[in-house]
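Number of protein chains: 2
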Amino acid sequence: MKLYDCTPAPSPRRVRIFLAEKGITVPTVQVDLRADEQFSPAFRAVNPDCTVPVLALDDGTCIADVMAICVYFEALQPEPPLMGVGAQDRAIVTAWQRRVERDGFFAVAEAFRNSTPAFKGRALPGRDDYEQIPALVERGRARVGRFFAMLDVRLADHEFIAGRRYTIADITALVAVDFARWIKLALPEECGHLRRWHGAVSARPSAKA
Amino acid sequence: MKLYDCTPAPSPRRVRIFLAEKGITVPTVQVDLRADEQFSPAFRAVNPDCTVPVLALDDGTCIADVMAICVYFEALQPEPPLMGVGAQDRAIVTAWQRRVERDGFFAVAEAFRNSTPAFKGRALPGRDDYEQIPALVERGRARVGRFFAMLDVRLADHEFIAGRRYTIADITALVAVDFARWIKLALPEECGHLRRWHGAVSARPSAKA
Chain B
96 MKLYDCTPAP SPRRVRIFLA EKGITVPTVQ VDLRADEQFS PAFRAVNPDC
146 TVPVLALDDG TCIADVMAIC VYFEALQPEP PLMGVGAQDR AIVTAWQRRV
196 ERDGFFAVAE AFRNSTPAFK GRALPGRDDY EQIPALVERG RARVGRFFAM
246 LDVRLADHEF IAGRRYTIAD ITALVAVDFA RWIKLALPEE CGHLRRWHGA
296 VSARPSAKA
Chain D
96 MKLYDCTPAP SPRRVRIFLA EKGITVPTVQ VDLRADEQFS PAFRAVNPDC
146 TVPVLALDDG TCIADVMAIC VYFEALQPEP PLMGVGAQDR AIVTAWQRRV
196 ERDGFFAVAE AFRNSTPAFK GRALPGRDDY EQIPALVERG RARVGRFFAM
246 LDVRLADHEF IAGRRYTIAD ITALVAVDFA RWIKLALPEE CGHLRRWHGA
296 VSARPSAKA
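The listed protein sequences correspond, in order, to chains B and D.
Take the position in the first sequence, starting the count at 1, then add 95; the result is the number in the working numbering.
Take the position in the second sequence, starting the count at 1, then add 95; the result is the number in the working numbering.
Among the clues, some could well be false.
Interface residues of chain D toward chain B, partial, derived using beta-carbon atoms under 10 Å [unchecked claim]:
(1) D127
(2) V166
(3) W191
Only some residues are given here: those of chain B computed to face chain D with a beta carbon under 7 Å [what the hints assert, rightly or not]:
(4) L171
(5) D184
(6) A186
If you're looking for bench data, these hints aren't it; they were derived computationally from the structure.
Cβ coordinates follow ideal geometry from the N, Cα and C atoms, glycine included.
Given these sequences and hints, build the entire structure.
Here it is as structure tokens:
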């Protein structure tokens, strides 16, 4: 088993934090996205969609999606649970993870990829080329501002995003908040609950994974 | 328990098909999206994000996300399995569901919401207002064309999208393909494998749910 990774990139960081929380170590292969290594014939053979992370299993199966890789390890090693325990809790964690991913992570990505010169002509992840759309930069930034405000309300009376336990929703949110620095959006001073939470999850050893 | 639903809308249809495949019946409440009932004070009390579907549990918990509702019922009643069996299969189904949702369902929604006059000023689902961006109409349509071609390749040697078993990936794809009619994109004649699959999944009783 090996994990195709790229240390500076936000998506594979989600998997690395998940694995660190589980105490699981997987050998990694670095894919240099800054040198366009994801478009090399060798990497296309691993993942034709040209994205990282990818988990390559020993039977040759390649799992090329952050959440799918996490689902794999949650099933393989349920402890500590990061995706909820029991039907209702699993549903709540899923709903928060998806909300944070959509309103936070994808919103940052929208602003970042549509504004960064290196992504000209490649405004969406994947193998296909799409032109940047300038209107998405401001829309993405507006969405991130609302995301911060929404999370601050949620964290006013919850220790973690999905409730009393640290979960994959916190991992996605932490990576989204740190990714927002790439578009020069820091946590607002007035978001005290969000800042408290960010300090706490950033202090966990897994945050450095 | 009750399900807030809107019969003509694609998102709640994903849940209805899922429940029909499980043989589960849940009382439903219709929310009239065409009359903006999702913005009424009564519905905001159910889901402040103003979207359907929402599953309201007997303890008052509201689960306001398609996939989270499916996760709930999969845990409550595992048979027939729609989200994979075992770590590797669960991961494969998750990866395909997400790919189909991102490249198919969300791409259709992008083209639809940014072009339809009724969604002027509300180009994204949810409570917040965002202006339509005309460039997303053509981008969405281009993405859907690639989505059809990608699925046709996949289905050339697989009975269903995630492999040999009907899963939630087929449900998301079926709803995405039918949703594409709203932007006047039919399955291309040359996509014979995709058309074979679409005929088969549409013939299941659940497709009428």
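Each hint, compared with the structure:
no.	hint	result
1	D127	violated (24 Å)
2	V166	holds (5 Å)
3	W191	holds (8 Å)
4	L171	holds (5 Å)
5	D184	violated (9 Å)
6	A186	holds (4 Å)
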